[in-house]
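Protein chains in written order, with the numbering used here: chain B, -12 to 229; chain U, -12 to 229; chain E, -12 to 229; chain F, -12 to 229; chain D, -12 to 229; chain H, -12 to 229.
Because the hints were derived from the structure by calculation, they are not lab data.
Predicted model only: the values in this text are computed from it and were never measured.
Positions of the beta carbon are idealized from the N, C-alpha and C atoms, including for glycine.
Please note that the accuracy of each hint is not assured.
Reference excerpt, derived from the structure (chain H facing chain F, CB under 7 angstroms, subset only) [said to hold, decoys possible]:
1) Ser29
2) Gly32
3) Asp40
4) Thr41
5) Gly42
6) Leu53
7) Ser57
8) Ile61
9) Gly90
10) Ser93
To be clear about the criterion: a stretch of chain U counts as covered by chain E if any three or more of its residues have a C-beta under 8 angstroms from a C-beta of chain E, and this derived list gives those stretches [stated by the list, open to error]:
11) 118 to 124
12) 184 to 193
Pair ranges (Cβ atoms, derived) [said to hold, decoys possible]:
13) Glu4/U x Gly192/B: 27 to 35 angstroms
14) Asp150/H x Glu31/U: 38 to 46 angstroms
15) Asp150/H x Lys43/D: 16 to 24 angstroms
16) Thr41/H x Glu31/E: 21 to 29 angstroms
17) Arg36/D x Asn128/E: 25 to 33 angstroms
18) Thr65/B x Gln215/U: 54 to 62 angstroms
19) Met38/D x Ser204/U: 56 to 64 angstroms
20) Val127/B x Thr41/H: 50 to 58 angstroms
21) Pro58/E x Ala189/B: 56 to 64 angstroms
22) Ala189/B x Ser2/F: 42 to 50 angstroms
23) Thr41/H x Asp33/B: 30 to 38 angstroms
6 protein chains.
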Amino acid sequence: MRPDGRAVDELRPVSFERDFTDMADGSVLVGFGRTRVLCTVSIEGDVPRWMRDTGKGWVTAEYNMLPGSSPERIRRRTSGRDQEIQRLIGRSLRAVCDMELLGERSITVDCDVLSADGGTRTASICGGWVALHDALARLVNAGELGEHPLTDHCAAVSVGIIDGQCRLDLPYAEDAGAEVDMNIVMTGSGSFVEVQGTAEGAVFGRDQLDELLDLASGGIATIVDLQQKAVATPPPPRPGRD
Amino acid sequence: MRPDGRAVDELRPVSFERDFTDMADGSVLVGFGRTRVLCTVSIEGDVPRWMRDTGKGWVTAEYNMLPGSSPERIRRRTSGRDQEIQRLIGRSLRAVCDMELLGERSITVDCDVLSADGGTRTASICGGWVALHDALARLVNAGELGEHPLTDHCAAVSVGIIDGQCRLDLPYAEDAGAEVDMNIVMTGSGSFVEVQGTAEGAVFGRDQLDELLDLASGGIATIVDLQQKAVATPPPPRPGRD
Amino acid sequence: MRPDGRAVDELRPVSFERDFTDMADGSVLVGFGRTRVLCTVSIEGDVPRWMRDTGKGWVTAEYNMLPGSSPERIRRRTSGRDQEIQRLIGRSLRAVCDMELLGERSITVDCDVLSADGGTRTASICGGWVALHDALARLVNAGELGEHPLTDHCAAVSVGIIDGQCRLDLPYAEDAGAEVDMNIVMTGSGSFVEVQGTAEGAVFGRDQLDELLDLASGGIATIVDLQQKAVATPPPPRPGRD
Amino acid sequence: MRPDGRAVDELRPVSFERDFTDMADGSVLVGFGRTRVLCTVSIEGDVPRWMRDTGKGWVTAEYNMLPGSSPERIRRRTSGRDQEIQRLIGRSLRAVCDMELLGERSITVDCDVLSADGGTRTASICGGWVALHDALARLVNAGELGEHPLTDHCAAVSVGIIDGQCRLDLPYAEDAGAEVDMNIVMTGSGSFVEVQGTAEGAVFGRDQLDELLDLASGGIATIVDLQQKAVATPPPPRPGRD
Amino acid sequence: MRPDGRAVDELRPVSFERDFTDMADGSVLVGFGRTRVLCTVSIEGDVPRWMRDTGKGWVTAEYNMLPGSSPERIRRRTSGRDQEIQRLIGRSLRAVCDMELLGERSITVDCDVLSADGGTRTASICGGWVALHDALARLVNAGELGEHPLTDHCAAVSVGIIDGQCRLDLPYAEDAGAEVDMNIVMTGSGSFVEVQGTAEGAVFGRDQLDELLDLASGGIATIVDLQQKAVATPPPPRPGRD
Amino acid sequence: MRPDGRAVDELRPVSFERDFTDMADGSVLVGFGRTRVLCTVSIEGDVPRWMRDTGKGWVTAEYNMLPGSSPERIRRRTSGRDQEIQRLIGRSLRAVCDMELLGERSITVDCDVLSADGGTRTASICGGWVALHDALARLVNAGELGEHPLTDHCAAVSVGIIDGQCRLDLPYAEDAGAEVDMNIVMTGSGSFVEVQGTAEGAVFGRDQLDELLDLASGGIATIVDLQQKAVATPPPPRPGRD
């Protein structure tokens, strides 16, 4: 039995609150249970010097935990872990973005964790995709882009082995004691973008790896459905801006 | 006529959402119009080495704007302006906290601006006070403190001169063009804690200073009423923690 | 009775030693009692990229305490307090400088505290104004500027409440124990540029604020007279440079 | 046909030069083709404060590319990529080290890349294991440890998809153009420690993932054989130290 | 003929102004022509952890140029050159200080250049020695030290080759164009502490080296005489401190 | 008798291993006994902005000790000592390089110490010269340079006084206890480039200085012979690059 009563292949309640703030080009408060991440998207009409005149754009991400997002206060600094996570988020979102359709624009997806209860990096990818979809849809609606540059959904989830049992979507209490911790990023069409599995004080066999991949595929399919519902309507106009 | 239709002595809609997140010891999402700041309070049962064995505690604040809190993305770094603001917030809250009643505890009040439309530092003080009140009330309820250490309310508001007219609670659009910008911090009993007035490309006379102080006093009295309502009920128990 | 025998509305001995060093464009060693600050002015014939082609110049300040300026050695680093002070000095001097008359020049006023006995930031403003006046007068004398860009005097002084008594120009011994500490910046014509009052472990009422503002106005009028005497003669030629 | 004529499941020439330098407790120059990494192991007889009195030790790694290790000079700084890699190396080696047998000792495995031609992180793990084995064997030989704390081999290799073809052990020329890049870390007994697969501008299916895992397993088995040969003899005494 | 009319073996006017400021334990404004350096000495009654219980003290120096000390403003940062210089000053003063007589005290000699016209590092050593002598004399006078720990004078001067001619005590105008630049530190008894000679775009022979060493020895003998005169009387009492 | 049995005027075994790595434009592993430094040379076809259109190039050096190069692990950071050393290496190599023949190219000589047993800075100069010679010879061979820009050899050695005895080429064991430590840089034609002598807890007389200079001259003549042998043949072609 899991601490929160879920089945091993069951996600926590997932929510996407669009335009939670209204200053950025896109803004989504994503929730996976008690984990909540504010994803905001900022678009600049320019690219770094080395990309000019290529006709292509670029997408990067930044990831940060607010000091009060954890019971033990977190110091304000960018740790190695944070950098590793933001590189992952950026690569994942770039995998489903057509940089030529995007044109010479620089996009930053900021993922600020308001409340951390495990799975903050995968929640960031899921919520970041929705915020990015909204920000780009606004450009399409405004006639600045001819076609929406996102080519597919992108979603992610954690899986892991706890007490020898494979489980989907680990909260902190499970994550902290997991023998194996794996983050999987997939597209809406079921292909892999990233597979990152780590054993902590244990190792894992090929059959366990297969079971974890199956669990993740199922969870991600559910998340993609929720993303589709979230962006089924066009992004609402923002007061004084749209 | 002000851009948002308010009278010169009228506050923007003010809201305090308690326990917006539930990891920290206290957490309030404060809103002044479109300005929204997440204030979280973390308590450590220890003080820095130089304060040990004094029997007294300490309160500091940190202030930060999220990158997506502004239409033009803000880089993640602590600017000189940020440091100046967090020193102000810390001094203000310390002015109404009895450090001997607090005992040897270190409190950090983190003010993370989710959406910035002027008055973020004064909103931080107002919301930080409510979050601090909740965090300390939890210690009192748990029997760890005999008496609540806050001796009075503490609230703040901005006032300024725009086109020669004195106005209360400036949003960004007014603040950016103000000839004089002033932040006032007061207690619930109507005394001053801080008076910070700055002329930008203009100077101001004694009579204008008096008018600004009157405007601020009125606004702060209203905010103190709202704080009282906010903390009229004890802080709600947090799932799995209280 | 004050520790140094002064009346509550009496300044410490104030001195301006022009061209104390002769490398910078302007250089003044300002003294308020044992507080001594070396103010040097450097002028560059260019402005930051974002100001080019505006026809306007810019004035900034840097503030620093030498390690040996205090009985307890001060580490070499720019603290948050230093940044807050240098922003204040810069704003104050800009308030009396006509940026169009200055033209596209960048001016840095460096305030290095040689000896710190309270009131270093206000002394920096008073001495910085004289050094800036000299540096710009040299440009006028050399025919590089048609008109002197300073539109008025700018001077500052600290006031505070000690043992319930309002006093002018606090040395360190008074400042350290003050209930209220206030720094006031005014022009030669008696308008306010900055009002910064802070209660430390106490609060203050409106009548006390009024008394402090009166004390400051009187002190600043005296300092402005001394500034006038200091710049009554043109800046002396520097060996090998003028 | 691969650029260097290898079969798709063939490793580059692999070499372990023990005690390449003789100052550190263990030192191995590992080569995978033109990729060469100097792995040195330093042992301190103490652990960080938070681990004291646990009876356990700790192993961390640092990874760095020398400026001249690449045709385009690399600036001396620790990038986010470097931090991500050194965290991977540390986790991998910890997975096969019994921290209780190690006792309260802190071990740092420094991996300095002398020549970079792809696969530097996996080479670092392979060479780091040999250097760590030597350093600990010296402690066993000296009677400071009763039993060798390494519980198994640990080796790693990169695999990837280039032009739709799965290949083992990618040099830079292949890595730079790979659609999918994967680093696999395994134990001598064939279990997984880490699986890190990343699509660059492409995605990959489950069958491709399986093929890559097969390729990696085969390569790692070969590397483990070479590690066994390398440590078959005890570490040679170092002049003036052993 | 030299630019300032001096003979090749003639020093610039040298001055030592004791207790130029009165906060530090010792304070000397040293002048070599237009070069002026404020040397202040701070004494702490403790040593770093690694020196405790050795019965010995330590002396370090810090060197810094004020931004306005040069016609072209100098940015506030510690450059590699600054660090090299402060290491030289520290080593030089330690060479004539008996660390056992000093006891477990940490001394910092801060050398802040107010005006830079060449020879700032050698002036710092000469003035630092006088300030250090005064600070330690105060400890002797107060009965905290039984014997003065300085065992000899320490003085320094620059020499160089300009247009093939060896010259003593180079101002900036000569230093900037020198083919060889040498800084010599000697004791009062005529022994060497440091010899640092550098060719810039030229090289030098053994005979030139000998000529430069002769020039320096003569100049340093003169400086030592001036130091002796400076410290012939005990350090004056400081208001409110001695 | 010296610890390693050498005569006072005898060098340790000196070796130059050319193209130890093959990514950089020049690469030499230099050995002085157990001291080993990897010197790599990187050439960029551009100069910093302030040198453009002068027709001249520039040579700088960077110096770094690998963490495992010393029995006590060295932290990865650039210390003040490192900066002082890399400035010395850069100046020394520039003294024998004709910047006009070099043309507008920026050269970086990276000296990474693999094993530190004293004399790492002088070994860096000796090895850096050979690596620089090779890198420039490749440009000459490729027809990119008409004439080799090195005008002479440049070599360096340490000398010192131990127990009152002058000795050549100090290993760490001697260096750590030396009363005087001196580093001498000379050209192939016997002129001085740098003379840096430092007394540690002792001073030295003119006669001792003369004896040290004689020892160094002899040692450097031997090293120059070895450099000549090392570069007697043209640099070997590098696989896939030349």
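_A range of 38 to 46 angstroms was offered for this pair. Does it hold for the Cβ distance of Asp150/H and Glu31/U?_
Since the Cβ atoms of Asp150/H and Glu31/U sit about 56 angstroms apart, the hinted range of 38 to 46 angstroms is violated.
*asked:* So, as I understand it, the hint says Ser93/H touches chain F; can you test that by seeing if any CB pair is closer than 7 angstroms?
replied: violated (10 angstroms)
_Would the hint on Ser29/H be counted as holding, given a Cβ-Cβ threshold of 7 angstroms to chain F?_
Holds, because the Cβ-Cβ distance from Ser29/H to chain F comes to roughly 4 angstroms (cut-off 7 angstroms).
*Is the hinted range of 50 to 58 angstroms satisfied by the C-beta distance from Val127/B to Thr41/H?*
holds (51 angstroms)
*Do Thr65/B and Gln215/U keep their Cβ atoms within the hinted range of 54 to 62 angstroms?*
violated (40 angstroms)
*May I ask you to test the interface hint for Ser57/H with respect to chain F, counting a Cβ-Cβ separation under 7 angstroms as satisfied?*
Holds. Min distance 6 angstroms.
*Is it true that Pro58/E and Ala189/B lie within 56 to 64 angstroms of each other by Cβ?*
holds (59 angstroms)
*For the segment 118 to 124 of chain U, do at least 3 residues have a Cβ located nearer than 8 angstroms to some Cβ of chain E?*
violated (count 0)
*Hint check, Gly90/H versus chain F [nearest Cβ-Cβ separation less than 7 angstroms]*: Interface hint status for Gly90/H: violated (19 angstroms vs cutoff 7 angstroms).
*Would you check whether Gly32/H satisfies its interface hint, that is, whether its CB is within less than 7 angstroms of any CB in chain F?*
Gly32/H check fails; min Cβ-Cβ to chain F is 12 angstroms, beyond 7 angstroms.
*Confirm or reject the claim that Asp150/H and Lys43/D have a C-beta distance inside 16 to 24 angstroms.*
holds (22 angstroms)
*asked:* Assuming the hint says 21 to 29 angstroms, is it satisfied by the Cβ distance from Thr41/H to Glu31/E or not?
replied: Holds, at about 23 angstroms.
In summary, the structure is inconsistent with hints 2, 3, 4, 5, 8, 9, 10, 11, 13, 14, 17, 18 and 22 from the numbered list given earlier, while agreeing with the others.
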